[in-house]
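Colleague: The lines below spell out each chain.
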Amino acid sequence: MAVRVRVQQAVFDLAAEIAELTGGRTDVGGVASFCGLCRADDGLVTLELEHYPGMTERAIERIADEAARRWPLTGATVIHRVGAIPPGAPIVLVLTASSHRAAALESCAFLIDWLKTRAPFWKREVFADGSTRWVEAKGEDDQAAARWDRA
Amino acid sequence: MAVRVRVQQAVFDLAAEIAELTGGRTDVGGVASFCGLCRADDGLVTLELEHYPGMTERAIERIADEAARRWPLTGATVIHRVGAIPPGAPIVLVLTASSHRAAALESCAFLIDWLKTRAPFWKREVFADGSTRWVEAKGEDDQAAARWDRA
Amino acid sequence: MRILYFAGLRQRIGVAEEEVAPPQDVRDVGRLIAWLRASSPAHEAAFAGTSRVRAAVNQDFAGLGDAVAAGDEVAFFPPVTGG
Amino acid sequence: MRILYFAGLRQRIGVAEEEVAPPQDVRDVGRLIAWLRASSPAHEAAFAGTSRVRAAVNQDFAGLGDAVAAGDEVAFFPPVTGG
Chain A
1 MAVRVRVQQA
11 VFDLAAEIAE
21 LTGGRTDVGG
31 VASFCGLCRA
41 DDGLVTLELE
51 HYPGMTERAI
61 ERIADEAARR
71 WPLTGATVIH
81 RVGAIPPGAP
91 IVLVLTASSH
101 RAAALESCAF
111 LIDWLKTRAP
121 FWKREVFADG
131 STRWVEAKGE
141 DDQAAARWDR
151 A
Chain B
1 MAVRVRVQQA
11 VFDLAAEIAE
21 LTGGRTDVGG
31 VASFCGLCRA
41 DDGLVTLELE
51 HYPGMTERAI
61 ERIADEAARR
71 WPLTGATVIH
81 RVGAIPPGAP
91 IVLVLTASSH
101 RAAALESCAF
111 LIDWLKTRAP
121 FWKREVFADG
131 STRWVEAKGE
141 DDQAAARWDR
151 A
Chain C
1 MRILYFAGLR
11 QRIGVAEEEV
21 APPQDVRDVG
31 RLIAWLRASS
41 PAHEAAFAGT
51 SRVRAAVNQD
61 FAGLGDAVAA
71 GDEVAFFPPV
81 TGG
Chain D
1 MRILYFAGLR
11 QRIGVAEEEV
21 APPQDVRDVG
31 RLIAWLRASS
41 PAHEAAFAGT
51 SRVRAAVNQD
61 FAGLGDAVAA
71 GDEVAFFPPV
81 TGG
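For the protein sequence lines, the chains are A, B, C and D, in the order given. Taking UniProt numbering, the leading residue of the first sequence gets 1, the next gets one more, and so forth. Taking UniProt numbering, the leading residue of the second sequence gets 1, the next gets one more, and so forth. Taking UniProt numbering, the leading residue of the third sequence gets 1, the next gets one more, and so forth. Taking UniProt numbering, the leading residue of the fourth sequence gets 1, the next gets one more, and so forth.
Looking at chain A on its own, in the form it has when it is part of the complex (with noise of 0.2 angstroms):
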């Protein structure tokens, strides 16, 4: 299976990651995404993400790979974007295929929810006062993610 993991300042294009994941196969039924965008919460102007180049490709590489174990795929995607991000833009994508829907779906959940627990990326809000918060990691990732744990 074909994993693809980037992490990058640039916006990604959607359309040509699908096309990317499924041109010129004839063996996808599905592909399941999810797009993470930056909300302007509390006023939020910028958003700065910042990460550890070298451990966090490979720590997506790992979980896309274990994602690949876990579910029948032809294919996963993961982008997140680092470096300064205004409201309503795209910070991370996660893209899955595979024969079947529920593979797509349910291995997307489980990429973004890992993703967001076991990848090396932290999050400053700015304020429109200039103020900055780091932002602090939420009892309901952990949740989210703990849900994919094997007995």
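If you're looking for bench data, these hints aren't it; they were derived computationally from the structure. Honestly, I wouldn't trust all of these hints.
What follows is a set of in silico ranges between Cβ atoms, one per label pair, in the way DEER data are often shown [claimed, not checked]: (1) B:Ala40 x C:Ala21: 30 to 36 angstroms; (2) A:Arg70 x B:Glu140: 41 to 47 angstroms; (3) B:Ala2 x D:Asp60: 52 to 58 angstroms; (4) B:Arg133 x A:Gln8: 43 to 49 angstroms; (5) B:Arg133 x A:Gly23: 25 to 31 angstroms; (6) C:Gln24 x B:Phe127: 45 to 51 angstroms.
Note that the coordinates shown come from a computational prediction; the quantities given were computed from them, not determined experimentally. C-beta atoms are modelled at their ideal positions from N, C-alpha and C, and glycine is treated no differently.
Knowing the structure of chain A, use the given hints to seat chains B, C and D on it.
Modeller: Leaving out everything else, chains B, C and D in the frame of chain A:
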């Protein structure tokens, strides 16, 4: 919440549909999508899709309304193609947007599961030798839909 | 009463729709099916050959006990297979 | 040994990375944290002010008991918040 439902022969433009759902907003935290594609199983050369004009659109709108009752969505789009569809081409698109990732992901899975069992569409497979076969409803689709039943 | 057929059922019966005027005692979907099946060998074969016929009355899914009346649009079709 | 700091921890300490040569008995992540905290008031305040410090040794997540040695790349950071 804005629900968009379309039944059409034309291919849809995923990027344009997402832009429609999120454009100009800064309260959307996640967009989940599922795109069902035509597989070339058993030497299939064309998939023919038939629907019940009027009832089909109404049935999908009701399913989308149910999704909006169950999850805090900012918008949802369902596009289902009819007519002749070649292998590798898209058949159906479900898009859900929410402030919250889980709401977008779960409602997207719900919409495609219910659409498969509650919206009047019928598929006929056309093979290379000219033979045709109506697709039979699958028990696994009923099971996938049943997990959203409420106690 | 307008009757619509879809998918394999339409193909077996050979028409996509027909206007019918069943007798007054044909008051529900189940009795309408029985009356249609008796109307021609093609109808009988089509209904007999369709596993789990589904129905809609005025574009809402309907069960065998749901009422039908003059002026209704009643549709019959196999289990749906979209998505 | 190369030490990297990320996010709030980096900001509090004031450097993104530093080369250190801890004594031989600093053999695991826990002892390395204790040694770094003692190295300056800024380190002490940064580690004390970061709830649940996470660590990675050579770009793999590591626990307090995991070994560290000369030549390793060891990173410290708050819980991750990507996605």
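Colleague: Can the suggested window of 41 to 47 angstroms be confirmed for the beta-carbon pair arginine 70 of chain A and glutamate 140 of chain B?
Modeller: At 18 angstroms between Cβs, range violated.
Colleague: Is 52 to 58 angstroms right for how far apart the beta carbons of alanine 2 of chain B and aspartate 60 of chain D are?
Modeller: Since the Cβ atoms of alanine 2 of chain B and aspartate 60 of chain D sit about 45 angstroms apart, the hinted range of 52 to 58 angstroms is violated.
Colleague: If you check the beta carbons of glutamine 24 of chain C and phenylalanine 127 of chain B, does the distance land in 45 to 51 angstroms?
Modeller: At roughly 47 angstroms between Cβ atoms, phenylalanine 127 of chain B and glutamine 24 of chain C fall inside 45 to 51 angstroms, so the hint holds.
Colleague: Looking only at beta-carbon atoms, does the pair alanine 40 of chain B, alanine 21 of chain C fall within the given range of 30 to 36 angstroms?
Modeller: The hinted range 30 to 36 angstroms is violated for alanine 40 of chain B and alanine 21 of chain C, with Cβ atoms some 47 angstroms apart.
Colleague: With respect to the beta-carbon atoms only, verify the hint that arginine 133 of chain B and glutamine 8 of chain A lie 43 to 49 angstroms apart.
Modeller: holds (45 angstroms)
Colleague: Kindly confirm whether 25 to 31 angstroms is satisfied by the beta carbon distance between arginine 133 of chain B and glycine 23 of chain A.
Modeller: holds (27 angstroms)
When each numbered hint is compared with the structure, violations occur for hints 1, 2, 3.
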